[in-house]
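Engineer: Residue-level listing of the chains:
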Amino acid sequence: MMRRHLWWSVLAVTLLVPAWFAGFHYTNFVGDPMEVAGLLPGFLSSAETWINVGVSVARVFGGLALGVAIGIATAFAIHRGGLVKNTLTPYVTVALRTPSAIAAIVALSIFRGAEIGYLVVVAYITFPYVTTSLLEGLRSSDRELDQMAKIYKLSMLSHIRHVLAPFVAPYIFAALRNAHALAWKIIVVVEIFGAATLGFGIQFSHAWEYFQILEVHLWLLLFMAVVLFAEYCVLRPAERRVFRWRDAS
Amino acid sequence: MKDTVVRVSDLGVTYAGTPAIADLDFSVTRGEFVSVVGPSGCGKSTMLNVLSGLLEPTYGSVSVNGRVLYSSGEPLPRLGYVFQTHRLLPWKTVRQNLELVLSAAGVPRQQWSERIERLLDVLQISEFAETWPMRLSGGQRLRVSIARALVIEPSYILMDEPLSTLDEVTARTMRQELSSIVAKTGSTVIFVTHSIREAVFLADRLIILTRGPARVFEERIIDIERPRLYEDARIGQIEAEVVEKVLGAWGLDEPRKEAV
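Order-wise, the sequence lines are chains C and Y. What the first sequence shows, in the numbering used here, is residues 1 to 249, in sequence order. What the second sequence shows, in the numbering used here, is residues 1001 to 1260, in sequence order.
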């Protein structure tokens, strides 16, 4: 069943090819797919290409890791209620509503293009999604399992690790999916705004600036491949492994 | 004379001024299987919450092996609990569910394997050791839940209507097996049920509670030799006697026989 779904996904993506040909024939801003195909081997075998990919990937996943860590910590802190909840909630609200472009500009102003700035802006944009999703999970946590844990005297750490974390894992993965998508969007914007020297964003920007349409296409294709790889070959397998017990029913 | 494991002394629990339990008093000796029956809403769940360490009583006391629960500094005794809905962790295999409680109970790791294998064998679920709970039937999950309660070698085991979610055929089988398992392991059990027949079948002693706030209405020794048969006429006779007594005490009328 899953293989059939996968094949359908692959088919859907390949439908881009005829759409691309049509775009090339009927517009003057879409590049020739055959020309792009001719340039692809050289593009993919260039070390410079993969250095740029590596830099963006590191920024995305570094920022995402930071954002998830902050998001989880914030959710648990807010869930405890009281003064901490009242203190943190406004910040989460503001972060959730901050436009990516504003966050990018502010981060660049503060960190002046340093690598830490990219990580911080991705973390800032993604953590509130993790927090709000995880809070939903914590609020709906299974009281019966909590009681079982208390009766059998599980320590707090053991309770979180073996009972609570697996219970809220679906909420975390849902947040991770959204956060991952946002992270890619924000990092490209930041790399363009920040005039980075390396990364997807700056490569797009340079290619467009010099009207190198074919190069824009190459970077776009590679970008799509990378995000699809991250989604289908990293995130989804991880999710399947964590939730393999669900398939038992 | 067997020593007392659980001693409930003049126990009372009040919620917002409303008593749920009042002056509840009974004890359970080592290796004894005590069934507790009472009408719905009489305070059985409250009683279990107190006995399991989840709810401090308003007055009175519970002591286990001579140690008073809820007194400061006293660690709670090791207890096993078989829930109505089993409450197994679905993301852990059967073995992992048992290992978790062994770890929490501070049992040395070297002992885990032997204890788990032995209990799974007694409960006839050895083949399911590496299975996720969701793959198991209701009866199998109950056995795992019982294994989880037994594996830590608790001072006593509480069972909260564990057979109520099973179909009647499975429940009948499990009643026989539960009786046999508890006899084999010599566990001290407090078994709460709404079925008087089930309570009589399983128990060494029957405790009947009043309507809420719960007090002990009557205690009765069940002097039928083991192994017992659920269909045994003596069990039916005791059940009928108890039902007749509690109809009035629980404020229930005998059902009218209406002409069809």
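In case anyone wonders, no lab produced these hints; they're calculated from the structure. In this text, all values refer to a predicted model and were calculated from it rather than measured experimentally. Note that CB positions come from ideal geometry on N, CA and C, so glycine has one too. Be aware that a few hints might be false.
[Said to hold, decoys possible] Pairwise CB distance ranges (calculated):
{"no.": "1", "chain 1": "Y", "residue 1": "Glu1056", "chain 2": "C", "residue 2": "Ala73", "range": "28 to 34 Å"}
{"no.": "2", "chain 1": "C", "residue 1": "Thr93", "chain 2": "Y", "residue 2": "Ser1009", "range": "41 to 47 Å"}
{"no.": "3", "chain 1": "Y", "residue 1": "Thr1170", "chain 2": "C", "residue 2": "Val94", "range": "28 to 34 Å"}
{"no.": "4", "chain 1": "Y", "residue 1": "Gln1111", "chain 2": "C", "residue 2": "Pro170", "range": "30 to 36 Å"}
{"no.": "5", "chain 1": "C", "residue 1": "Lys150", "chain 2": "Y", "residue 2": "Gln1237", "range": "26 to 32 Å"}
{"no.": "6", "chain 1": "Y", "residue 1": "His1194", "chain 2": "C", "residue 2": "Lys185", "range": "26 to 32 Å"}
{"no.": "7", "chain 1": "C", "residue 1": "Ala73", "chain 2": "Y", "residue 2": "Glu1168", "range": "45 to 51 Å"}
{"no.": "8", "chain 1": "Y", "residue 1": "Ser1009", "chain 2": "C", "residue 2": "Lys150", "range": "22 to 28 Å"}
{"no.": "9", "chain 1": "C", "residue 1": "Thr87", "chain 2": "Y", "residue 2": "Val1243", "range": "56 to 62 Å"}
{"no.": "10", "chain 1": "C", "residue 1": "Thr89", "chain 2": "Y", "residue 2": "Tyr1070", "range": "34 to 40 Å"}
Engineer: Against each hint, give a clear statement of whether it holds in the structure.
Structural biologist: Consistency of the hints with the structure:
1. For Glu1056(Y) and Ala73(C), the hinted distance range of 28 to 34 Å is satisfied, since their beta carbons lie about 32 Å from each other.
2. With their beta carbons about 53 Å apart, Thr93(C) and Ser1009(Y) fall outside the hinted range of 41 to 47 Å.
3. At about 56 Å, the beta-carbon gap between Thr1170(Y) and Val94(C) misses the expected band of 28 to 34 Å.
4. Between Gln1111(Y) and Pro170(C), the C-beta spacing of about 35 Å keeps the proposed range 30 to 36 Å intact.
5. For Lys150(C) and Gln1237(Y), the hinted distance range of 26 to 32 Å is not satisfied, since their beta carbons lie about 41 Å from each other.
6. Between His1194(Y) and Lys185(C) the CB atoms are about 58 Å apart, so this pair departs from the stated range of 26 to 32 Å.
7. For Ala73(C) and Glu1168(Y), the Cβ-Cβ distance of about 50 Å falls inside the hinted range of 45 to 51 Å, so the restraint holds.
8. Here the CB-CB span from Ser1009(Y) to Lys150(C) is close to 24 Å, well matched to the stated 22 to 28 Å.
9. Roughly 60 Å separates the CB atoms of Thr87(C) and Val1243(Y), a value that falls within the hinted 56 to 62 Å.
10. With their beta carbons about 36 Å apart, Thr89(C) and Tyr1070(Y) fall inside the hinted range of 34 to 40 Å.
Going down the numbered hints, you'll see the structure goes against 2, 3, 5, 6, while the others check out.
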